[in-house]
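Going by the numbering used here, the letters in the sequence shown line up with residues 1 to 195, in that order.
Since the hints were made in silico from the structure, they are not lab data.
Remember, it's a predicted structure, so these values are computed and weren't measured experimentally.
Hints may be right or wrong, so weigh each one.
Simulated pairs of lysine to any residue, SDA-like, Cα-Cα distance not exceeding 25 Å [unchecked claim]:
{"#": "1", "residue 1": "Lys156", "residue 2": "Glu174"}
{"#": "2", "residue 1": "Lys109", "residue 2": "Trp150"}
{"#": "3", "residue 1": "Lys32", "residue 2": "Ala78"}
{"#": "4", "residue 1": "Lys195", "residue 2": "Thr178"}
{"#": "5", "residue 1": "Lys32", "residue 2": "Ile17"}
{"#": "6", "residue 1": "Lys115", "residue 2": "Ala45"}
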Amino acid sequence: MGKDKGHIDTELLDRAIGFAVRAHSGIERRGKGFPYIVHPLEAVAIVATITPDQELLAAAALHDVVEDTPFTADDIRAAFGDRIADIVEKETDVEVAEQDESLSWHFRKQKAIEKLASAPRDVKIVAIGDKLSNMRAIARDYEKVGDSLWNLFHVKERSEHEWHYRGLADSLRELSDTDAFREFEHLINKVFGKK
Numbered sequence: 001m002g003k004d005k006g007h008i009d010t011e012l013l014d015r016a017i018g019f020a021v022r023a024h025s026g027i028e029r030r031g032k033g034f035p036y037i038v039h040p041l042e043a044v045a046i047v048a049t050i051t052p053d054q055e056l057l058a059a060a061a062l063h064d065v066v067e068d069t070p071f072t073a074d075d076i077r078a079a080f081g082d083r084i085a086d087i088v089e090k091e092t093d094v095e096v097a098e099q100d101e102s103l104s105w106h107f108r109k110q111k112a113i114e115k116l117a118s119a120p121r122d123v124k125i126v127a128i129g130d131k132l133s134n135m136r137a138i139a140r141d142y143e144k145v146g147d148s149l150w151n152l153f154h155v156k157e158r159s160e161h162e163w164h165y166r167g168l169a170d171s172l173r174e175l176s177d178t179d180a181f182r183e184f185e186h187l188i189n190k191v192f193g194k195k
């Protein structure tokens with residue numbers, strides 16, 4: 001065999017993917033009929049179109065672990081270090097206790113949009129992986145079922161989802177030089193119409 005061309009150290013990413021697979025094991029992506037892990041892996045693939053930074057790719061794999069599983073940011077910190085844990089924490093939705101669910105949803109999303117707007121570029125890179133993966137799923141489903149899609153969500157008003165995704169796009173506009181951001185904005189306009 002000749003020289004090993006294109007070899008990179010993926011130990012950190014491999015561990016992060018393994019951790020995410022275990023954390024999300026047995027969980028279905030809501031209403032999709034496929035394992036939840038497909039979403040974080042798609043986020044990793046999207047982030048990889050922007051950067052080869054193994055810590056950002058690992059954070060993309062782990063981005064929903066704190067929000068959707070019993071694992072905490074401290075668990076992530078112990079296993080993967082401060083930078084990855086901080087990024088995962090900054091990309092996690094704010095919890096709001098004891099409020100009407102739709103009000104709580106709007107408030108949480110508003111806080112997430114504001115948090116993302118002021119976040120460092122590294123956090124935005126991981127966030128675009130997550131948000132574009134979500135928007136791809138919405139666009140696919142919307143093409144099939146139209147406006148009845150919104151009935152699958154806790155918040156059923158199309159206008160609320162449009163507000164949320166346009167707010168995310170504004171928060172992530174620093175990444176407008178990336179293919180991922182351009183695809184994100186294109187899909188928002190495809191589903192909700194040009195602004």
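Comparing the hints with the structure gives:
1. Lys156 <-> Glu174: violated (30 Å)
2. Lys109 <-> Trp150: holds (16 Å)
3. Lys32 <-> Ala78: violated (32 Å)
4. Lys195 <-> Thr178: It holds: about 21 Å lies between the C-alpha atoms, which stays within 25 Å.
5. Lys32 <-> Ile17: Distance of about 21 Å is within 25 Å: holds.
6. Lys115 <-> Ala45: Within the cut-off at roughly 24 Å; holds.
Violated hints for the displayed structure, listed by number in ascending order: 1, 3.
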